[in-house]
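S.K.: Work out the full structure: start from the sequences and follow the hints.
So the sequences go chain by chain: A and B. Per my numbering, the first sequence starts with residue 1, numbered consecutively. Per my numbering, the second sequence starts with residue 337, numbered consecutively.
The hints are simulated quantities; they were obtained by calculation from the structure and are not laboratory data. Accuracy of the hints is not assured; some may be wrong.
Between beta-carbon pairs, the in silico distance windows are [said to hold, decoys possible]:
| id | chain 1 | residue 1 | chain 2 | residue 2 | range |
| --- | --- | --- | --- | --- | --- |
| 1 | B | Glu-517 | A | Lys-3 | 27 to 37 Å |
| 2 | A | Gly-166 | B | Lys-362 | 39 to 49 Å |
| 3 | B | Pro-403 | A | His-180 | 47 to 57 Å |
| 4 | B | Ser-532 | A | Ile-5 | 35 to 45 Å |
| 5 | A | Asp-59 | B | Ala-438 | 38 to 48 Å |
| 6 | B | Lys-362 | A | Arg-89 | 53 to 63 Å |
| 7 | B | Thr-529 | A | Trp-17 | 30 to 40 Å |
| 8 | A | Leu-73 | B | Lys-362 | 55 to 65 Å |
| 9 | B | Ala-438 | A | Val-29 | 25 to 35 Å |
| 10 | B | Asp-592 | A | Thr-192 | 32 to 42 Å |
Beyond 12 Å from chain A on every Cβ pair, some chain B residues (computed) [what the hints assert, rightly or not]:
| id | residue |
| --- | --- |
| 11 | Ile-379 |
| 12 | Lys-399 |
| 13 | Ala-405 |
| 14 | Val-435 |
| 15 | Arg-464 |
| 16 | Ile-465 |
| 17 | Ser-471 |
| 18 | Gln-522 |
| 19 | Pro-541 |
| 20 | Ile-583 |
| 21 | Ser-610 |
| 22 | Glu-620 |
Beta carbons: idealized from backbone N, C-alpha and C, even for Gly.
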Amino acid sequence: MSKYIIKRLLLSILVLWGVVTITFFISRVIPSNPATKWAGTRATAEQLAAAAEELGLNDPLPVQYVHYLGDMLHGDLGVNYSTKIPVTREILTYAPATIELVLLAFIFAIVIGIPLGIYSAKKKDKMLDHTVRFFSIGAVSLPTFWVALFFQLIFYKVLKLLPIGGQISSTALIFGEKPHVTGLLLLDCLLTGNFKLFWDAFRHILLPCITESLYPIGLVARMTRSALLEILGEDYITAGRSYGLKEAKILWRYALKNSLGATATDVALSMGYTLTNTFLVESIFSWPGIGSYISSAVTTLNFPAIMGVTVFGATAYILLNLLADIIIAMDPRVRL
Amino acid sequence: MHNFIENMKPKWKSFRESMYLLAKNKLSLVAFVIIILFIGMAIFAPVIAPYPEDVYSTHISEKLLPPSAAHLMGTDELGRDVFSRVIFGTRVSISAALVAVAIALIIGVPFGALAGCYGGWVDNVLMRITDVFLSFPPLLLAIALVALLGAGLKNAIIAIVISWWPWYTRLVRGQAISIRERKFVQAAETIGTPKSRIIFSHIIPNCISPVIVQASMDIGGVIMTLASLSFLGLGAQAPTPEWGLMISAGRSFFPDKWWCCIFPGVAIFLTVLSFNLLGDAIREILDPKTRKK
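M.R.: See below:
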């Protein structure tokens with residue numbers, strides 16, 4: 001198995017190299033004047049010259065490529081031309097808020113999606129099953145950015161229950177600093193015992209989090225259902241039934257355990273979609289994460305930031321895929 | 337070409353069988369009806385829309401009116417009838433999605449057949465290339481490409497094609513590998529049929545049905561991606577009646593003037609949902625494991 005993991009790891013590195021090469025082509029080779037792309041259309045002559053210097057545009061392409069690969073190895077994604085701050089540092093400042101949102105969305109997805117899938121499989125072709133299936137396909141078909149707006153309409157405008165956006169209320173920090181332990185605000189509030197701020201932050205994260213979790217909930221419910229149905233049709237389950245085992249024991253002890261591997265893989269893979277959705281959701285809820293960062297970069301055509309997030313997102317996605325494959329490999333039934 | 341058509345005939349027969357199975361599934365039938373309705377709406381948009389001239393002409397004096405009998409879905413910030421624009425939006429979204437999927441197929445299918453037929457290093461190189469393209473989170477590669485090419489519907493379609501073709505390459509490759517081993521292909525090889533002919537008149541026609549299924553399922557996803565790009569300001573540009581763009585424009589008046597955002601979203605939801613329901617039903621029919629006994 002370790003041999004497989006090493007092979008898989010090497011393959012990931014190869015793919016990562018490919019990703020970086022593609023972004024090199026996108027940013028340096030295709031545009032007729034990369035410096036204007038990099039520094040923005042409103043850049044001054046000095047900024048253009050600085051951009052050309054920074055990118056090494058006066059060197060031949062192969063030399064540029066080697067420099068580019070070297071920069072990537074050091075985690076250097078270039079400098080944001082409007083803020084003059086290295087893109088890597090900016091992404092790292094915005095990352096915790098995104099990680100917090102995505103993680104919580106996934107906890108929602110697992111806690112709600114798996115039971116829904118189980119009950120749907122248990123009541124196959126009954127009303128509940130049809131409802132769950134319709135809901136899960138519906139959840140996958142909803143435009144995320146529209147759901148976000150819809151929730152704002154209902155919970156902010158009509159019901160006046162939850163805030164419209166942001167991470168905390170503007171008045172919440174009058175009596176104290178934001179706690180800083182792990183960078184994840186909710187966790188930090190709990191760790192420092194600041195329950196008032198925790199409640200405020202929780203109310204803020206609720207809407208973006210539910211919006212984002214709809215897609216993975218639908219996906220997890222569907223996948224759990226189909227994986228479980230496949231296993232419930234296996235001979236050993238029939239054998240268990242003929243021994244007179246209780247239906248609940250068959251489901252929870254024998255079938256569910258064997259179906260979770262497939263679910264885990266899908267959870268890891270659907271994280272990719274959630275990473276995408278988070279761009280749209282964050283910009284609508286003014287959530288201070290990478291999504292808001294790239295949305296504003298897109299509107300101002302801030303090329304270093306866009307390319308930086310692209311490389312960052314692809315890296316995260318490759319790691320998630322690697323994780324999914326390792327989870328599959330840990331299943332003793334899989335022969336490698 | 338004649339050969340190609342002849343070889344497609346048995347495929348058409350199995351296609352009709354699948355359609356029969358599909359018609360028995362109630363949910364997929366509903367989805368099918370909705371899709372037909374939307375396509376009809378796209379074709380007859382100028383007839384159905386109450387104010388067809390409102391797609392481009394503005395009436396500032398009637399701006400942001402709430403839904404009423406005269407304007408079923410209200411009017412937008414330029415006084416245009418939202419209902420008419422939503423109807424015209426079906427034209428933009430469905431045609432753009434069809435074009436994007438068709439081009440992705442034209443690129444992806446031959447590469448997949450090539451990889452599957454030749455195997456060895458050709459297969460290896462092509463598959464690693466698809467690996468790389470598929471390791472960008474969906475939408476992100478498209479965002480980067482459109483940012484580079486410049487915002488616009490045409491460039492958004494190009495970006496979607498570039499991030500979409502590898503899926504078809506993978507799918508066709510898997511099919512081609514199994515067909516390559518079949519007797520009729522080996523027979524054709526024995527009598528010295530050129531490789532290109534084998535690929536185009538034997539391999540591709542025989543692996544096309546799962547590809548068509550996948551492509552029809554993808555249309556929903558492409559419509560959604562296009563709407564997302566337009567929402568970000570990267571896809572269709574004003575004054576094109578595109579659903580994502582309409583939502584994005586209405587955001588400035590949201591949530592007070594909610595109708596500008598909510599109705600185009602319902603249109604996206606219904607179209608994507610019906611394509612997904614249909615796709616789900618097709619998958620159930622084709623998958624012997626979940627097919628009803």
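S.K.: With reference to the structure, classify each hint as holding or not holding.
M.R.: Against the structure, the hints:
1. Glu-517/B <-> Lys-3/A: 27 to 37 Å: Holds, at about 29 Å.
2. Gly-166/A <-> Lys-362/B: 39 to 49 Å: Between Gly-166/A and Lys-362/B, where Cβ atoms are some 45 Å apart, the hint holds.
3. Pro-403/B <-> His-180/A: 47 to 57 Å: holds (48 Å)
4. Ser-532/B <-> Ile-5/A: 35 to 45 Å: Check passed, 40 Å falls within 35 to 45 Å.
5. Asp-59/A <-> Ala-438/B: 38 to 48 Å: Holds - the Cβ-Cβ distance for Asp-59/A and Ala-438/B, about 41 Å, lies within 38 to 48 Å.
6. Lys-362/B <-> Arg-89/A: 53 to 63 Å: holds (56 Å)
7. Thr-529/B <-> Trp-17/A: 30 to 40 Å: At 39 Å between Cβs, range holds.
8. Leu-73/A <-> Lys-362/B: 55 to 65 Å: holds (56 Å)
9. Ala-438/B <-> Val-29/A: 25 to 35 Å: Given a distance of about 27 Å, which is inside 25 to 35 Å, the answer is holds.
10. Asp-592/B <-> Thr-192/A: 32 to 42 Å: Distance hint for Asp-592/B, Thr-192/A holds at roughly 39 Å.
11. Ile-379: holds (23 Å)
12. Lys-399: holds (20 Å)
13. Ala-405: For Ala-405/B, whose nearest Cβ neighbour in chain A is about 23 Å away, the distance exceeds 12 Å, so it holds.
14. Val-435: holds (20 Å)
15. Arg-464: Arg-464/B is in fact no farther than 12 Å from some Cβ atom of chain A, at 7 Å.
16. Ile-465: Non-interface label on Ile-465/B violated, nearest chain A Cβ at 7 Å vs cutoff 12 Å.
17. Ser-471: violated (5 Å)
18. Gln-522: holds (29 Å)
19. Pro-541: Fine: 30 Å to the nearest Cβ keeps Pro-541/B off the interface.
20. Ile-583: Nearest chain A Cβ is 6 Å from Ile-583/B, so the label is violated.
21. Ser-610: At roughly 8 Å from the nearest Cβ of chain A, Ser-610/B sits no farther out than 12 Å, so the non-interface label is violated.
22. Glu-620: Non-interface label fails for Glu-620/B: nearest chain A Cβ at 10 Å, not farther than 12 Å.
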